Amino acid sequence: MGTAMVGRRWSLGGADAVDEPLDADSGVERLFRAHRLAMVRLARLLVDDRETAEDVVQDAFGALHRRWAALASDDAALGYLRTSVVNGSRSVLRRRRTVRRHPQPAADALTAEPADGRVLLAEEHRDVLAALRALPTRQREVIVLRYWAELPEAQIAATLGISVGAVKSSASRGRDAIAAVLNSEQRGQQ
Amino acid sequence: MNRETEHRLRAAFEAKAAQVTPATLSPGHPPTDQDLSGDQGRRKLTFQHRWVAPLLAAAAVVTVVAGGAVIAGTSTAHHLNPADATTTPSTSAPASPQTPTTSPTHKATEPVVHPTPGSTSHPVPLTSDVVPPSLPRHGPTVVDFAGVGVTLPVGWSQFPGPASAAGITNTWCASSDDTRCDLYIVRAGADTAALIIDDAVVGQRCGDNSVTAYSQRSIAGQSVEYRTFRAGCAVPAGEQWFVPTNPQIVFWHPLGVNDAIVEQAVAGATLPAALGPLPARDRGFLQSVTRGSDGYHVTMQREVDLPSGAIPEPGRQSTYSFVVPLNNSLQTSCSEWKIPGYQPFQHCDLSVLVTQSAKGAHPTDGTLAINSVQMVLWSDGKTIGVLQTRDTFPGG
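If you read the protein sequences in the order shown, they are chains A and B. Each residue of the first sequence is one higher than the one before, counting from 1 in the working numbering. Each residue of the second sequence is one higher than the one before, counting from 1 in the working numbering.
These aren't lab readings, by the way, just hints derived from the structure by calculation. Please read all numbers here as calculations on a predicted model, not as lab measurements. One or more of the hints may lead you astray.
[As the list claims (entries may be wrong)] Simulated restraints on C-beta separations: (1) His7(B) <-> Ser169(A): 17 to 23 Å; (2) Gly221(B) <-> Ser169(A): 27 to 33 Å; (3) Asp176(A) <-> Gly268(B): 26 to 32 Å; (4) Gly147(B) <-> Glu124(A): 53 to 59 Å; (5) Thr319(B) <-> Thr137(A): 55 to 61 Å; (6) Arg133(A) <-> Gly147(B): 47 to 53 Å; (7) Tyr320(B) <-> Ser169(A): 38 to 44 Å; (8) Ser169(A) <-> Gly292(B): 56 to 62 Å; (9) Ser218(B) <-> Arg133(A): 42 to 48 Å; (10) Glu124(A) <-> Gly28(B): 57 to 63 Å.
[As the list claims (entries may be wrong)] Per the computed footprint, the stretches of chain B lying under chain A, defined by three or more beta-carbons under 8 Å from a beta-carbon of chain A, are: (11) 151–162; (12) 254–266.
[As the list claims (entries may be wrong)] From chain B, some residues computed to sit far from chain A (all C-beta separations above 12 Å): (13) Arg10; (14) Thr179; (15) Ile219; (16) Tyr226; (17) Thr228; (18) Gln301; (19) Ser335; (20) Gly341; (21) Cys348; (22) Ala358; (23) Leu368.
Virtual Cβ for every residue (Gly too), placed ideally from N, Cα, C.
With the hints as extra help, turn the sequences into a complete structure.
So this is what it looks like as structure tokens:
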């Protein structure tokens, strides 16, 4: 299996690289040990709370296990995993919108940032993340994959199943929207 | 680009992501066959779901993720699981991205509609870029056709293409939607007529000059001529990359769908090695014919159809030279220069043109200057096979 740098946060191969094909249990376990943390972090940036992020990632590894025989390489598996995490996160956000349209008494509590999370993040970061949460789902996904996962545009396009042009426009609009929020807050503070 | 915004984004992401550490992660184990075995309709999960939407069952979440996934039946050794009703059929990606085959599979689950030249029911929609399937089916789609390699996004399929307007049947298609061809790849071979470089190879042209843009590019180190064409007859506006040397390779893309994807894929394509530096086919005007010890030295100025109709093509050296060995039986129609003693279409060898070339730009004997007659050239890349006046090859 080859090694590849896919963005700066995932690298394959290295000391754990193996040449012989692995069965699904062994292969998924290896990727689970190597990439679960990064995937949970990715999902967390998309869905906001850690527990949901863990569930999304667990589902993604389950889906990976079922598709294992059809994936020819770690590159393919990692790409599949990443896309599954993004799609799973998107489903979560879609359901949250459904919940909010039909408000339940406990909905706010379920989706709110845990108190300890707010305390640990500096205010400057909270402003940015709040602006990120206000973005449409597609723009949010592109921004996260671009500025946290550091994926190239082509990789983002493949992950999200959109064109490179759509990636560029979503990234541009997302950046502009976040910048506008941050600038207006800055002016408000002056 | 707002550098400060990008810096703040990265910093915020780092800070947020850093809240998730091995210590703060819930204990978890990778799913195993045992976890996932059981009724296909209700997958058994041993890990706990703490779902924020209590209205929805956990199994529904799994179904959503799995329902979007596609089994990549990329080789005959893999079979779709008939019990897995949530999956969709595979596309025809090759067996492995690392080992592309020269006989890619064809997706047989749905009818494939190919646009035909002159068809009034052309299926190509001129809409914004199509969104490919949201989950990877296997990996990038790798086309390996007639020595041409193109890498396309996951979820694209490939299949034999229709015959081109030039009658070329060696055509391949790649598409994000099996109802149309987003990228045609055409290779002209020794058994086919050489393609005319400024014609739209795919589809039927209705006018003499439908070129709307032209530029020179490079693909895999080979010089390529790029053109866009306006829509005409039943063919939409399109863009074409043409490798003029032998073998001639043409990429054609109907504009309006997946433009950026196709452009990127073509720019990164690999090509078969050129057999030689000469174009497989060309037309133009002789500038000089001289004789050397190694053969006849011929200089020709290209003629191409451009948006402005300019001849020769601007911004590029439009003349090139080649040598025809002395023992080459190449002949041309010397009567075209009104050279006395030659009947219409009577052939002569290049030594006659050496004499004509020496008369300069304004011959005083009533004959025509050497650059007065349009020529057609055919070669295998290294050797000129035909150098004839254009009238002898109508439509050339």
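Structure-based check of each hint:
1. His7(B) <-> Ser169(A): 17 to 23 Å: holds, 22 Å
2. Gly221(B) <-> Ser169(A): 27 to 33 Å: Roughly 32 Å apart at Cβ, these two residues keep to the hinted range, so it holds.
3. Asp176(A) <-> Gly268(B): 26 to 32 Å: This hint holds: roughly 29 Å between Cβ atoms.
4. Gly147(B) <-> Glu124(A): 53 to 59 Å: Given a distance of about 55 Å, which is inside 53 to 59 Å, the answer is holds.
5. Thr319(B) <-> Thr137(A): 55 to 61 Å: Holds, at about 56 Å.
6. Arg133(A) <-> Gly147(B): 47 to 53 Å: holds, 50 Å
7. Tyr320(B) <-> Ser169(A): 38 to 44 Å: Given a distance of about 42 Å, which is inside 38 to 44 Å, the answer is holds.
8. Ser169(A) <-> Gly292(B): 56 to 62 Å: holds, 58 Å
9. Ser218(B) <-> Arg133(A): 42 to 48 Å: For arginine 133(A) against serine 218(B), whose Cβ atoms are near 44 Å apart, the range 42 to 48 Å holds.
10. Glu124(A) <-> Gly28(B): 57 to 63 Å: Cβ of glutamate 124(A) to Cβ of glycine 28(B): about 32 Å, so the range 57 to 63 Å is violated.
11. 151–162: Coverage by chain A holds for the segment 151–162 of chain B (3 residues, Cβ < 8 Å).
12. 254–266: Result for this restraint: holds, n = 5.
13. Arg10: Violated, since 5 Å does not exceed 12 Å.
14. Thr179: Non-interface label on threonine 179(B) holds, nearest chain A Cβ at 18 Å vs cutoff 12 Å.
15. Ile219: holds, 17 Å
16. Tyr226: Per Cβ check, tyrosine 226(B) is outside 12 Å of chain A; nearest 18 Å; holds.
17. Thr228: For threonine 228(B), whose nearest Cβ neighbour in chain A is about 17 Å away, the distance exceeds 12 Å, so it holds.
18. Gln301: Correct as stated: the minimum Cβ-Cβ distance to chain A is 39 Å, above 12 Å.
19. Ser335: Holds: least Cβ distance 55 Å, greater than 12 Å.
20. Gly341: Fine: 63 Å to the nearest Cβ keeps glycine 341(B) off the interface.
21. Cys348: holds, 56 Å
22. Ala358: The claim stands: alanine 358(B) keeps its Cβ more than 12 Å from every Cβ of chain A (closest is about 56 Å).
23. Leu368: holds, 52 Å
Of the numbered hints listed earlier, those contradicted by the structure are 10 and 13.
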